[in-house]
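Enquirer: What follows is each chain in one-letter form.
Protein chains: 2
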Amino acid sequence: MSKATWIWYPGDFEIWLNEKVHIRRKVRGAIYPVFWRLDRHYSSVSFCCNVDLKQEEEISIYADGEFSLYLDGKDSQRFTQSKLLVPAGKHEIRVAVYNNAAAPAIFIQGDTIATNADWLVTCQDKQWHQAGFWHFDHPDHPPSAYKLATTEIFPERLEKKQEGWVVDFGKESIGYLKINQATGHGGLTIYYGESLEEALDDENCLQTDSCLLHESSPQNYNFPESRAFRYVRVQADKSREKELQIASISMLYEYLPVQDRGHFQCSDETLNKIWETSLYTLRLNTREFFLDGIKRDRWVWSGDAYQSFLMNYYSYFDIDIVKRTLISLRGKDPITTHINTILDYSFYWFIGLYDYFVHTGDEAFIRAHYGSMVSLMDYCLTRLNQDGLIEGHEIDWVFVDWADIDNQGAVCFEQLLFCRSLEAMTLFAGLANDPSRERQYQNLAVDIKQKTFDLYWNNELGGLVHQYKDGQQGAQMTKHASMFALLLGYLNNEQKESVKQNILLNPNIQAITTPYMRFYELAALCEIGEHKHVTNEMINYWGGMLALGATTFWETYDPTAKDLQHYEMYGLPYGKSLCHAWGASPIYLLGKYYIGVKPSATGYATYDIEPNLGGLGWIKGTVPIHNGEVRLYMDTTSIRITATTGSGTLRIHSLMMPSTNKNGCITPLGNDVYEIEIVGNGQETVIQYLTL
Amino acid sequence: MSKATWIWYPGDFEIWLNEKVHIRRKVRGAIYPVFWRLDRHYSSVSFCCNVDLKQEEEISIYADGEFSLYLDGKDSQRFTQSKLLVPAGKHEIRVAVYNNAAAPAIFIQGDTIATNADWLVTCQDKQWHQAGFWHFDHPDHPPSAYKLATTEIFPERLEKKQEGWVVDFGKESIGYLKINQATGHGGLTIYYGESLEEALDDENCLQTDSCLLHESSPQNYNFPESRAFRYVRVQADKSREKELQIASISMLYEYLPVQDRGHFQCSDETLNKIWETSLYTLRLNTREFFLDGIKRDRWVWSGDAYQSFLMNYYSYFDIDIVKRTLISLRGKDPITTHINTILDYSFYWFIGLYDYFVHTGDEAFIRAHYGSMVSLMDYCLTRLNQDGLIEGHEIDWVFVDWADIDNQGAVCFEQLLFCRSLEAMTLFAGLANDPSRERQYQNLAVDIKQKTFDLYWNNELGGLVHQYKDGQQGAQMTKHASMFALLLGYLNNEQKESVKQNILLNPNIQAITTPYMRFYELAALCEIGEHKHVTNEMINYWGGMLALGATTFWETYDPTAKDLQHYEMYGLPYGKSLCHAWGASPIYLLGKYYIGVKPSATGYATYDIEPNLGGLGWIKGTVPIHNGEVRLYMDTTSIRITATTGSGTLRIHSLMMPSTNKNGCITPLGNDVYEIEIVGNGQETVIQYLTL
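Those sequence lines, one after another, are chains R and V. Residue 115 in UniProt numbering is what sits at position 115 of the first sequence, and the numbering runs on without skipping anything. Residue 28 in UniProt numbering is what sits at position 28 of the second sequence, and the numbering runs on without skipping anything.
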């Protein structure tokens with residue numbers, strides 16, 4: 001028997017979920033919807049499948065929505081019953097489904113007939129597509145019933161105050177507050193805080209709830225909406241408080257079940273704490289999609305999600321959430337603004353797809369979404385200026401970073417992202433067998449890269465200036481363009497050295513104060529071998545947040561700020577998100593540049609292993625490599641590696657000729673660098689070597 | 001105090017209503033959704049208004065959906081209460097509203113602040129539009145509560161049968177069946193019929209319902225969905241029938257309240273009956289939108305609606321339903337198929353807009369929808385063939401008519417509709433101040449018309465052949481192209497005469513058997529003065545349906561068919577719609593060509609009155625002329641005219657010099673034709689004249 005699964009119009013489960021997620025943000029009980037167009041699933045779709053039955057077969061039909069089924073084009077003879085006997089022979093089965101509340105979906109099970117990805121579906125635009133599906137394999141659990149998992153957790157501390165209770169869950173969390181075994185009659189007001197100060201501040205606390213209890217026998221009360229908090233203040237109405245009794249307060253912690261596949265430990269305890277806190281920060285934001293922050297905005301932002309993708313490859317390697325996030329970001333046609341209305345964020349989407357393909361080798365996904373890639377790129381191409389450079393139009397937000405930068409005119413940083421996007425589209429056009437676009441994208445990429453260096457490279461300053469406007473190079477030098485050029489592999493050795501000395505390590509260049517851009521800054525420094533510097537930066541910067549009591553990493557962190565200043569943002573005393581995914585970049589830095597594993601062929605068929613102690617006594621960790629993993633231990637004299645799939649190339653610096661416990665090739669590359677082949681067979685390779 | 005009204009994103013009330021209407025069709029209880037993309041309202045929108053208050057003002061806020069309001073860009077300080085005190089001074093009010101079930105809408109009332117068309121709204125695509133509104137002026141009646149009106153009517157005959165009841169409402173109708181004062185327990189099955197035969201046919205009857213009654217005291221049961229029928233068979237479950245008692249059966253007739261502004265009477269009783277039956281046929285299909293038929297399809301089809309628009313100008317002159325229908329037909333971007341998937345139907349939409357503008361002069365509507373006109377025309381322009389002719393692609397349905405015609409290749413009929421569409425767009429581009437498109441459309445229109453006559457005119461056959469394919473004129477001659485060329489004013493006098501003799505009055509040319517195309521055929525004959533012929537055709541063709549007992553006019557009528565053949569269509573015994581809007585064309589023919597009133601300037605600022613007895617002894621009637629009307633009586637010696645607005649030009653044929661009861665100009669034009677100015681002042685002009 002072929003096993004059925006729920007199917008829908010491809011992308012529409014994600015689009016529906018995206019709509020739900022993006023109207024969930026509230027400020028003190030008031031909705032705060034996204035300020036970009038919120039797309040919606042098609043409400044009326046039709047599924048189709050051709051069958052050839054040796055004998056008649058009874059099918060059971062489940063639909064998420066109203067449905068009618070007909071055979072062989074007889075569209076006036078429709079069935080709506082949940083069981084149908086399909087006669088023997090060849091038949092075309094068509095099912096029309098209507099659902100305005102969630103993506104129309106069906107689940108049909110017979111002996112040989114079963115809904116699956118072989119079925120086709122149309123939104124009635126005369127195009128048929130392979131049906132979308134996931135893991136909804138039970139008829140009683142349609143996609144519209146999808147929910148994250150929950151588990152009850154109790155606070156570390158509960159303090160009864162005159163007017164109520166103050167609860168500390170010990171660390172940042174997200175979920176549904178629960179009042180247990182309440183009796184009496186009266187109103188409760190809830191003040192949530194990421195910080196204790198926020199929970200205690202009636203006026204300025206951003207998340208509140210309220211309820212009215214009127215129970216004579218003890219009852220549990222679950223708040224219906226999930227909130228992000230560490231602290232909760234539960235306050236009873238003054239007039240009523242004496243009547244109310246509460247046995248305890250807990251929460252239903254809400255999470256996406258993902259597997260912890262990446263690990264890291266080292267000789268520095270602060271760094272270990274940073275890695276664990278990073279992982280927890282990422283986990284809280286790893287939900288229906290990759291969110292920016294769990295208190296605020298609770299939205300999917302392309303530039304933020306892009307970093308989560310990269311961290312994910314070094315932690316969960318959950319590819320479903322990457323796909324869901326990419327689909328939801330792109331939305332539906334027509335495209336009338338950049339993704340999230342931000343110029344850069346359209347490009348991060350292309351580059352996110354590129355990285356997804358590099359890490360997974362999933363050509364089918366690329367081909368299935370090629371059309372929507374082309375239409376976004378078409379949109380971008382309508383927005384070139386007279387110099388052929390990409391530029392923000394009036395309705396576009398040119399973000400780059402939260403920093404004091406003038407982003408008018410054509411910004412260098414955007415040309416670099418655009419160029420990589422075009423390179424990605426060149427690759428995808430090849431996969432989609434679209435040679436004319438492949439040539440067009442390739443030519444454009446070459447052209448943009450050339451122009452970027454012609455127009456923005458400043459020999460005197462030794463890097464790429466930020467801006468080109470009114471036919472002139474701008475005067476402002478930021479780290480952003482140069483570090484991206486380095487990361488994207490666009491610099492030659494001479495340029496690299498210049499960028500390192502004149503830009504990245506130059507204290508006179510404006511410092512970066514967001515973990516968002518520190519991500520790329522530190523990655524760029526690793527690319528040029530400045531691991532020791534990066535180790536110190538991580539310990540100081542992320543360690544600085546830990547020293548201030550952070551249990552998750554923040555949206556921004558300025559070490560020079562004092563006390564409550566740390567919580568301020570957007571003119572609000574508690575406006576800052578204290579659990580922001582982009583704060584978790586040490587996961588990526590330590591996995592990619594310390595454990596040192598990265599794909600050298602798509603889907604990790606082959607990979608490089610370039611471990612680096614970064615000044616630490618020892619490091620050990622695991623990097624997931626798609627369907628397998630690489631486990632590595634390293635100190636100054638030995639390296640132990642176990643890889644379970646594919647084929648790796650270890651590349652190390654050693655002051656002596658290394659030796660291993662395997663028969664195998666050790667290739668000296670000169671300058672004390674050696675290459676050793678690692679076979680992905682689950683056996684440990686032990687290497688003796690020497691570094692200082 | 002400024003009066004508030006409910007406002008929404010422009011078009012979204014119509015789009016939402018369109019979605020509701022188009023999933024309502026059922027075949028024996030099974031949904032039968034449209035086979036084109038069903039578009040949806042935006043669920044998340046934001047409204048905006050700037051105010052300047054002399055003193056603080058309390059506003060009451062009503063929202064259809066979840067809302068939050070904020071002032072002066074302070075988007076983290078949002079209000080959700082239903083009352084708010086707005087401080088004195090200048091303020092920007094913004095309201096975010098989310099509603100996935102119906103178009104998000106708001107109603108805000110203060111002393112000076114009130115939601116109206118001055119408010120702006122965005123779907124968050126960075127474009128602001130004037131808000132949409134209609135007549136929802138009470139806070140308790142949001143647009144989502146919109147319903148047609150109902151009134152209870154009782155059957156003409158109720159016959160108790162062994163197993164139930166057979167009810168005859170005396171004429172075709174639509175509404176909700178009602179079982180009155182039922183007692184007992186048992187199931188009822190309902191068989192509806194447009195004909196008695198259908199209601200009596202268990203197997204083939206297309207509309208059914210069922211319910212289970214279990215009432216001890218007498219109760220009324222209203223069926224929840226409206227059906228179209230004249231006859232109803234109510235059948236009790238065999239096992240239970242004796243327990244069930246029903247006092248009576250009735251229906252809640254469901255209708256759009258419109259004003260009967262057009263009237264017609266004449267010396268021929270059959271023609272009077274035809275006019276009344278036409279009006280009733282149109283009224284039943286005049287609902288949320290102009291439907292094709294009330295039993296089937298219950299859908300909005302552009303080509304069908306186009307004819308209803310024209311009939312409407314000679315009956316209700318209800319412009320709201322025209323606008324609603326035009327908006328719902330167009331749907332949302334992106335355009336991926338022709339309207340209703342039919343090539344011709346995209347063009348009828350443009351021409352329908354053109355006629356709307358001619359009859360109403362509503363430039364604001366044209367400007368507001370110009371963008372969606374351009375995108376549909378852009379889509380059409382991507383579908384020209386190598387000869388520059390419009391042609392059906394694989395996914396397109398080239399309909400023309402229900403007839404045995406080969407519509408492959410480039411069809412002449414389509415070029416003519418395309419040409420008029422381009423002429424309409426030339427006009428609209430001018431109104432929208434878009435000179436480059438104005439030129440483009442004009443040049444294309446001239447080019448298409450030239451090509452049409454070059455490629456399709458056949459001197460030998462004396463008309464336009466149907467098809468041009470593979471570089472060759474097709475051999476088939478149909479009436480369709482030639483009669484449209486005539487109607488659109490594309491023929492010179494010589495061509496007109498040729499078309500009349502060789503095509504329209506030529507019995508060897510394939511006869512038209514749908515009221516749909518008879519509409520244009522008879523209009524074309526009127527254009528060339530063949531009124532007497534048309535009078536006979538109407539009496540024979542529509543009179544033929546009346547003679548068969550029709551109480552509304554049919555989708556198709558073939559006078560040579562016998563008995564039950566009249567109900568067959570699409571391979572179904574009762575597949576034919578017996579109440580089809582396109583059957584009502586005598587309203588248009590008699591109003592436009594007999595009473596003879598039509599606009600000569602947009603919005604009926606001026607108009608022509610060219611009455612014609614068409615062989616009848618006398619005619620009298622009223623034609624609505626936007627905000628006024630023209631009342632006319634005519635016999636062979638006298639004409640009486642009262643016009644209430646604008647300025648008319650009466651043009652008559654008289655064997656003697658006419659005289660009037662007014663001082664005013666009578667201008668002889670030669671050939672016994674005279675022009676007389678009619679002032680729209682509500683006073684009757686009496687003309688003495690003479691015709692045979």
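None of these hints come from the bench; they were simulated from the model. It cannot be assumed that every hint is accurate.
Copies of one chain are not kept apart here, so a pair can be met inside one copy or by any two copies together.
List of simulated lysine-lysine pairs, BS3-like, C-alpha gap at most 25 Å [as the list claims (entries may be wrong)]:
id	residue 1	residue 2
1	126	26
2	20	332
3	74	54
4	126	20
5	598	273
6	126	332
Enquirer: List in ascending order the numbers of the hints, as given earlier, that are violated by the structure.
Expert: Of the numbered hints, all hold.
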